[in-house]
Each structure stands twice: as C-alpha cells, then as structure tokens.
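Please build the complex by placing chain A on the supplied structure of chain X, with the hints as guidance.
As they're listed, the protein sequences go chains X and A. Mapping of the first sequence onto the working numbering: residues 1 to 298, in sequence order. Mapping of the second sequence onto the working numbering: residues 1001 to 1554, in sequence order.
Hints listed in this document are in silico derivations from the structure and should not be mistaken for laboratory results. Please read these numbers as outputs of a predicted model, since none were measured by experiment. Virtual Cβ for every residue (Gly too), placed ideally from N, Cα, C.
Quick list of simulated restraints, FRET-style, between CB atoms:
1) A:1548 <-> X:277: 14 to 24 Å
2) X:282 <-> A:1426: 31 to 41 Å
3) A:1477 <-> X:222: 49 to 59 Å
4) X:290 <-> A:1278: 38 to 48 Å
5) A:1233 <-> X:282: 17 to 27 Å
6) A:1216 <-> X:247: 52 to 62 Å
7) A:1261 <-> X:247: 46 to 56 Å
8) X:118 <-> A:1224: 46 to 56 Å
9) X:31 <-> A:1426: 32 to 42 Å
10) A:1216 <-> X:250: 51 to 61 Å
11) A:1507 <-> X:277: 57 to 67 Å
12) A:1518 <-> X:271: 52 to 62 Å
13) X:277 <-> A:1200: 19 to 29 Å
14) A:1407 <-> X:222: 51 to 61 Å
So the derived list for chain X, only partly shown, Cβ under 7 Å to chain A, looks like this:
15) 5
16) 6
17) 7
18) 10
19) 199
20) 279
21) 282
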Amino acid sequence: MRPVRRSYDEATARGRIDGLLDAGTFREFCGPTARRSSPHLPALGLPVSFDDGVVVGEGRLDGRPVLIGSQEGGFMGGSVGEVHGAKLTGLLERGLDVEPAAVVLLLDSGGVRLQEANAGLIAMGEIQRAVFRVRAAGVPVIAAIGGRNGCYGGMSIVARSCDWIVVSEQGRLSISGPEVIEAVEGIEEFDAQDRALVWRTMGGKHRRLLGEVDALVENSIEAFRMAVIGWLEQPRPLDLAAVEAEHARLEARLRRFAECRDGLDVWRDLGVERPEEIPELDADAFNAVVASMEERDR
Amino acid sequence: MHMSTDGRKAAGWDTIHRSYRARMERAGRLASGKVVAADDAVSLLESVLEPGDRLCIEGNNQKHADFLAASLARVSSDRVHGLHIVQSNLALPAHLDVFERGIADRLDFCYSGPQGLRLARLVAEGRVRVGAIHTYLELYSRYFSDLTPRVSFIAADAADAAGNLYTGENTEDTPAIVEATAFKSGILIAQVNRIVDELPRVDVPGDWVSFVVEAPKPYYIEPIFTRDPAAITDVQILMAMMVIRGLYQKYGVTRLNHGIGFDTAAIELILPTYAADLGLQGEICRYMSVNPCPTLIPAIESGFVEGIHCAGSELGMERYVAERSDVFFIGRDGTMRSNRIFCQLAGHYADLFIGSTLQVDLEGNSSTATLNRITGFGGAPNFGSESRGRRHGSKSWLQAGEEANRGRRMPRGRKLVVQIVETFREGLEPTFVERLDAWDLQQSFDLPLPPVMAYGDDITHIVTEEGIANLLLCDDLLEREQAIRGVAGYTPVGLGRDRAVVERLRKKGAVAYPDDLGVDKRLANRDLLAARSIKDLVHWSGGLYRPPARFRNW
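Bound conformation, chain X alone (with noise of 0.2 Å):
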C-alpha cells in the first residue's frame, strides 16, 4: 500500500481547490478581503467568517475553464446561510455568462444554517433553480462529496440535482442526518450512535451500490480531481422524459427495498456476493464488485 499524500476528506474548502485545479490557475470572487460575511451571526453573539464559509471562483482544469465553490466543513458545519447561499448561487449564474467545461461544487455541508433558517432556506432553492438553468443552457455541474460534515438537508437536494457526483467512502449523502432520524423517529428505528449502520445507509459506498452516485474514489484530491476532469462538457439530458424515467426509478427502488431495515439487506438483495465484506473493502476492490455486478445487469 502507498500511502495517500493529499487527503480530501481532511483538507480545507481552499486546499481542495488548490489541489483539484491546474496549479496557480485559480481567480477567487468575493474573497475573505471583502469581508462580506453574515449580517445575521453578531445578532447572536456568534463569531463570522470573512468568506461565510464557502470559497467560489474561477479557474482551470486539465487546461479547460471551470467555474468553481467549495464550503469551508470548519465553520458551522458547512452550513449554507445568507450570504453563502447567494455566492453559491451567483457562481452558478455566472456559468450562464461565461459558460464553462463545468462548475464544480465540493460540497462538505449539515444543510441550511439554522440560526438563519428563512434565510438559508430561500438560499436553497434559489441555488437548485440555479442548477437547473445552467444544466438547461448545456453546461454540466459536478457535485464532490467528501470531509467530515458529509451532505445533508437542502445541499443533498441540490447534490442530486447536479449531472454528477463522485464521492469518498468517508463521503455521506442523506437528507435527515443520523441525529435527526434518531430524535424523530426513536432509537429503535435508528441509532445515531451505531457509526458502521450510518455508514451502511448513508455512506459513500451504499449511495454508490444504489445508483445515486456516479463514482467512488479513494480519499485523495488527485482521485477526485480525474473523476471530475472524465465529465467536463459532458452535460447529461434534462428534459420530460429523463425526469419521468428518474421518478419511475425512484418508485421501482421503493417497492422493491421497502422491507429492508439496513444497507446489508439492500446489497444482498442487489445481488451483491458477500455483502458483509463491502465495509472492509478499499475503493479499487469495492469498485471491481460494482463493475462486475454492472457487467452481470448489462
């Protein structure tokens, strides 16, 4: 084994960036310099941040231009407020100026910001309107989902209204988080606490085994930055009919895993061999299992 040099889960939001696009190439907007950080925290006695926690810019990748954002997981779990929602949502506006290979979202976020809820909540959809008018102009947006806060709340939305996303086993994607379903729902239902059962429901590799993922990579930023480079201008259809077939395959999913209590009943009953094993698995062995069951479906 050789050891990963430039971890992505742990990096920041600007070491990712610095990491996934061609050296020196990347061009910030609204910088922490400009200091236009959160009208609503000091009301609260709570501390800002210059950039409100997420990063947007322009630069290049593999030679081609990208516009790109990344959340800062370090302050206040990635969460999307005021401010951090309306860059999210200008970056995206902005591809439909300047029309880019892609923009790139490296989501690391806990969902709206919830000492500013109504605000944050507009952002959300203002953000998945944004998507949606970038992808209708041709232009592909790309979600990473890695690092510690995972993809939870209005950001999974938006992750899933994105053409693609690749992902990190550490990388988790669900609407409620563990917490929330706990608190809802009981312990019984779910327990929070169980890390090996949040990872089998909303982790990296199940959302990969379930088709709602399009790569799982290891835990490095150059793995991540080829995953992004293979689908830039490669926009995937959006129109009637690949909406009405995506909803009837999320109704097919529901019928047929409906009696299933965790990630293990789902794998086998997907005809995985030895669904015990996929935890234990590295990205490259885990990736081989997905390859083959595909080849088995084609």
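Using the frame of chain X, we list chain A on its own:
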C-alpha cells in the same frame, strides 16, 4: 519472620514446604485432579490462604485474573485477613474491596491507574499501608528476594487436565509470577478461559501449577495501546518530524522503545512517508521493544521496522502478528508470545527511549503524578533511564557518549532518553513548571521520595513543538535550565528565559529549533501520515488487523 539458629533447627529447614503441603491437603477435597469448579473458588481461597500471607493477583495494564480477584473480595474476613498484597497493577474495584473489608492491609505495587483516587482515600483512612511504589522490574525482582508470594493468582487462556497452561499472546507478567511462586513452595492458582484436551502450546508446565479454575467469563483485557490516527494533530506531526531529523537521523538510532501515546504514534506513522523521503529506511528504527501497536503496521509493511519484541499483546492485532513471524516472536503453534520482563530488559539496553509525560521541571525531572492521586510508575522509569550497566557500543550510544563527555579520559557511551511534550497540556495547564506536583504528593502520602517518572540526569533530550533541548550539551545546571526554558514556549517557564543565554546555547546545539534541524514546518500536517484512520491501518494490514468494535465506524 526472623528465626534464631536454634529455632531453625527445632522447626526444621522446610517449614514453608510443609505449610504448602498442609494447604494443598486442605484444598484437595475441592479439586478433581487440579481442576476446581468456579462455584468453589471462594472456598478454595479460604482453604489455601492463611492470615498474613503475601499474595500476588496477576494484573497488568492489559490482562487481569479478575474472577479470582472478585472471589478474594468475597472470602470470610474471619478466616482470611491481614494479607500483604504484592501485585503490579491495581485496576479493578475488587482489588481495593479486599482492603475495605479488612482481608488485606498491606500493599506493594507498581501502578494504580483509574483506582488512584480511591487508593489515596484508603491510605488516608489507614486501611492500606503502602510498602512502596515500584517499577515493574523492581517489584518482580523483589519476588525473588524479600517479597516472594506465598499464593499467586494468575490468568491464562487455556489449561488441560494436567494443569499445563497456554498464556498465548498475553503471556506478559505470568512467567515472573510463576517462577517466584512455584519454586518457593507457593500455591499457584490459574484462572483460565477454557479447559481443553490439547493446548496449542505449553507456556507453563502443569507440575508448577497447583489449581485451575475455569472462570465463567474470559479474563478482562483492555486495548490500551490502540491510538486512532484520526486524532493525531499537526503539532504532534511537527514534533515527530523533529524527532526523526534531530534524533533518529542525527544519532542513527536503530534499537529503541516507544512509550504509549499520540506523540509516538505520530512518529510511527510518518516513518513510511517523511523518513522514507529522507532515505532513512534501513538506517533508523529497525528493532523495537513495544507492544504490537496498530500504528506500527505501515512502518512494518513498508519494511522500516524489522523486529519487535512485545511486553504484551494488543486486542485485534493477533492475526496480523501471527502472519509476521519474521518481525514478532511467535510460538511453534503460530501465536505470539509476549514477556514483560524480557521486553523491559531489551528496552533498557536499547539506544533510545522516547515517551510523553505530564510535568517537567527546570532540572528536567518529569512526573505523571498529579495532586490527590496515586498512580505509580509501571515500566516507564526502566525504559526511560540511562543503562549504566551497558558495555557494548553502537553508533548512537557512542555518539551520545561523546556529547556527554566533559573532559573525562575514559570513553563511555550514553543511552538517549527523550521526553516528548507539548508546552501546554489539556486544559491549557503548562507542562513546564518550577516545582513538580510530585513534591506535594510526597507530603500528602508520606512517601520517602517525590514520585518522579524520569530523573533529569537520566534525560538527554526534551522535544516540544518549539524545538529540541539537548541536555547532553549543557555544561551545568544553569545551562540546562535555560535550554529547557528555551523550548518551553509561552509557558511562564518559557517566558522567563534569558534570551542571550538561549541564543548562545542554540549556537552550540543545546537548543535547536525546526529551522536548525532542517525541518520544514509547512510540511507539518496530517497529509504526512501514512494512515489517517483505523480503517487505513486495516487496509495496510491486508485485512489482518481486526480492530475492536469501539474503534470501528464501518
């Protein structure tokens, strides 16, 4: 007991042995062969123990004869009282229940860990008279001198009907206890997890063992050497980089001991990255005296560490260790054998010891004692001290000896004894202090000496996030004090430094900062770690390491 020559003649020269036979006879009715049912354990102990006996209950920082310890706490204190407990580690509530109930009243020990507060209270109430707090090697040495146990309880993995024992990976302290007890007419009672027809291998011959009890539950064991790489900080990585450049590379350290902790885990995890980039594979860190810490896996797999002897085992590492018999000490049956005494001896005569501590004073004395708590020493003082009986040379030993030479004509080597600490510990308590808490502890517990873990004159280097103080290059106590202040950062001790003296010490190498050592601080981040999580360690091990549930998130 002291007897006059006439008394000796009258009593005979085998009184202990005759006492042994009498005890065996009393207990014989409870045994079928050597096997005693768990339900009869309390009766067994009441039969073999006599008031005033010296008793050893095996227990160390990992395995414990916990069932027999609990049984002892239930014996009748009319029949059994005034025992003198001579055991290395007090960790279980039952160990102190026997004092609370008057079954025992004297204690010689090494380490009390989580029971430290309660022990302190029992001492204050006069229920425990402490003989001394020892290091492991000292207490076991006294088993062969004036503190030989009359009865010992030990813990083993398995026994057969003849009393042969298999102690496996966690052999640890058992051989020392067995040797002292069995060959001085003592009663040896083994608690085993299971009785089988055929043992994987024999670690203790059956004719040394008096009785075997199959415990209702396997003996308790704690995974105390497991450090999750996810919790290692950038500051610890900076210190690890300084250790590799400023100590391991500088002196060419090949044989060493690592203490337990995140500081040393960080060193282990940047061997395959940082040290490998410096071309140090095969040059440093080749032989270690340590438990099989999971954070060593990447260094082993990348060929850095070639040989490891273990004082004990570590939960989850059994299969990995068994599959690496070139590296570890493995029985013919394919499982590891550990041995605390041999491991501590190997570490004592190694080129270097490095470990953490809680407080360091201006002479470099270090202590893990904090107020109101008797914790004791364990094994660190024997690893963390100069080995004055050493006679063989090595590059590291001779080079350090040169630095230590103050004009004497007879050349001599020097073991490197290193303390690695951050200038502030948890709760922003300064690590560097003018006066150790150990002085107050000495008073409150009426100890003959302040409980010091490593004496200043044994320590050669102190590593902090600021730099390295090389005490070998200090000419007198004043220079030593300033070298320590020079790496004590923003603690009151550090702020009290004499800048001119520290700068002079820096010129002669007694104080070295990262730039002086060629350490690039900008590289000090978690991306240098060969493994960033427990799961990375599992992958490095090819799936052979099976971490305990509490360390798993998958």
